[in-house]
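Chain residues, written in single-letter form:
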Amino acid sequence: MAEPLLTMSGISKAYGPVRVLENVDLSLSAGEVRCLAGENGSGKSTLIKILSGVVAADGGTVTIAGRRLGNDARAAIDAGLSVIYQDFSLFPNLTVAENIAFLRFVAQGRRWNNIAEQRRLAGDVLARMSVDIDPRVLVETLPVASKQLIAIARALANDARIIVMDEPTTALTRNEVTRLAGIVAALKDDGVAFLFVSHKTEEVFSFCDTITVLRDGHVVAAGAVGDFDADRLGREMTGRSIAHERIARADAPPQPVFLETRGLTRRGDYADISLELRPGEIVSILGLLGSGRTELAQTLFGMVAADSGEIRIGGEPVAFAHSSEAVEAGIGYVPEDRLTEGLFLDQPIGDNITVASLEQSASGGLLDRRSLAERARRAVERLRIRTPGIEPPVATLSGGNQQRVVLARWMERSPALMILNGPTVGVDIGSKREIHELLVGLNRSGTALLVVTDDIGEALALSDRILVMVNGRITAAFDPRTADEDTLYAAVTTGGDR
Amino acid sequence: MSRLVALIASPRSVVFLTAVVFALVIGALNPNFLSVATLIDLLRNSLVTGIFALGVMMVLASGGIDVSFTAVGVFAMYATVSLVLGLDLPMPVVGFFVIAALIGAGLGILNGLLIGVLGLPTLIVTLGTLSFFRGALLTFVGTTYISNVPRNVIAFARTNIVRLENAVGQLVSLPLAFVVLAGVAVVVALMMNVTQFGRKIYAIGGSEEGARRIGIDVGWVKLRIYVIAGGIAGLAGMTHFTLSRMANPFDLVGSELDVIAAVVLGGARITGGHGSVSGALLGALVITMINTSLLSAGVPSYWQKVVVGVLILVGTGLPIAIERFRSQRARLARPA
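As they're listed, the protein sequences go chains A and B.
Heads up, the final residue of the first sequence is numbered 787 in my numbering, and it's a clean run with no missing numbers.
Heads up, the final residue of the second sequence is numbered 426 in my numbering, and it's a clean run with no missing numbers.
Chain A on its own, in the form it takes in the complex (with noise of 0.2 Å):
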């Protein structure tokens, strides 16, 4: 290949005595995607942010085009380079066009505002990305794959020539993942290039032409994508083997049935569900992102009616009103976005654990602070949480490490079903591993499990069934020893989005 567009050679950063990044090198031409692949914790963010001129690099030196960068966020916007962030740092409050305009106009230090101006340089980009937005509605009405793709658009409109795109399909659904393969396909040929922050492997092969692996502040492995395979990436990722077959566990013996719905119904989000779960047992609905599984979750939980059919409970009938008859009922529910609905991020991990059960460390309305001390530092050492202690906030923690901290405060309950949306969404895979052996674990002891998740290796490594929902309809079932993953993924993308 010809000249490399950007160059990275020899970055190194220490944040006091931690060496967070050592002699990184990594490089990129025009029309190349190339992933930059890690756990959380290896460097890329910090990687990232030197890239994009925020944090200074102790060592090693930054070059486009030719062009050498110092520590200038200004300088690499000039020198073509854009950062998409995950959250995409739009704002809601302005159009489309405002939005694809303002960072070009920024750039060039403009004082006036020119609307013209801007809905024709709106207009061009979203014509040469084949994307239909209409550029006068405000941003806060569309929805996210949209919002992604302004993103990009305000990248192109300041004559990007690298971006860098942080985890970029997380919201996505397969199809809106499909569309944006084939935009990025169609700049690659336009010379742009892409630097794809990633851990989910799926998406590493199907976009990418090649392969940077960070792990430890090394750079552990880089190629092209040929190269690797997912057992070969997972293993550089986490620096071990990372098994992914079924987790083995003994049979449950059978129970009655605990939970069971009957032509459950809401019209726009499932219908005609009929489930059966029993103690002992884990139970995983496979669908995609709008596929009406959160919906499903959130109506077994009680927190939105269903408009007919029923719900049984140890074989009685119930009508959740609120969320609090269904923990009454012995259901506990993980949410699939813990940092907004499932923690509280800036309290310590203690008070995160036992804020559910305050009750059992209760005498005469008093609470026992040793006693929840005590619960706290048990349920952290059980499930293997790492930290210090239980005083720090939850926000210091890992992503997989938070998830147990979520396990733990509704393990306190000992509930009878636990409902899990999304359980190792944002984990490394080496955690994801550990917190699936956790949670059949867990099941063994005596909890009922039903997984939500649009993660197919998942819903093998920890189901004793497999449940597929498209388009709001249960339409297969799988025994998980004997089904494979591509059954299961043609299964769960018939049909495709609605």
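Calculated from the structure, these hints are not laboratory results.
Be aware that a few hints might be false.
[Said to hold, decoys possible] Computed from the model, here is a short list of chain B residues facing chain A with C-beta under 8 Å:
(1) Phe123
(2) Arg241
(3) Val243
(4) Ile244
(5) Gly300
(6) Gly305
Beta carbons are placed, not taken as given, at the ideal position from N, Cα and C, and that holds for glycine.
Fit chain B to the given chain A structure using the hints.
Quick look at chain B alone, frame taken from chain A:
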């Protein structure tokens, strides 16, 4: 039906409709109410609130909140009058406004430094400076009424743009000070829409982190916002002086919440990113109408507070309720 729903789906139109209905009801009780004279009277009475509201709107659009502006206004007004009278300078009326705006902007620098440079929370800072500016005024500048107003200021106050008799024979008039409101409104409207600075204010209100990431110097923009808001508050204070023809250091402070209510009724959001000049002015007119017309209709003045409160709750609550109802309907309309 759906058109009516669309009409009441934004806070601004709820407020506007309520104001119209309100005016009709008062008009039914008091037939003299619905007249050009009333409208002019209303404009006159909302001049000060309107100017203040324009400054507050800028701050709300950036995602901040300012409660110190009344203290800035009264400080700038009283200090200007004391200064000019103390030095016994021959000062044209425009000079009074310029000095008051400069003093207001100077006080705004303190807000701006604390908020923009040190990054402190806006409510805490402006609560502090509200008390600080007012205390400093009463401690160091003076506590007495100044009623020997210079002759040219009285002449300015007596110059009217419009003057007519209402149905019961009282004179109503729109003083020349209306020009100040109109001027500030035009300048702020241009600034918010035509300059990059104004768009950056909305951008920061929409997503401060996002603004930072595309290279906007957020602290510098905020500093300028509070300086300009301070200058506008100074102009409002001076306008109040010319209308009342007396400098009272105890005036104005206490009306913060009325002004903020006016701006919120005009469609600005406490969470930032929204707000317009026309909305702020509409809000100021509605608040003033409620405060003055109930009195003229013989309703006890405590009712004003009740009406304003209900209007805020309905004006901001109804659009949210409608939005929920709509998304529920959209879900039911989707194919299962």
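Now for the hints, and whether the structure bears them out:
1. Phe123: violated, 38 Å
2. Arg241: violated, 42 Å
3. Val243: Check failed: Cβ of Val243/B comes no nearer than 36 Å to chain A, outside 8 Å.
4. Ile244: Result: violated, 41 Å to nearest chain A Cβ.
5. Gly300: The hint holds - Gly300/B has a Cβ within 8 Å of chain A, the shortest such distance being about 4 Å.
6. Gly305: holds, 5 Å
Of the numbered hints given earlier, the model fails hints 1, 2, 3, 4; all others are met.
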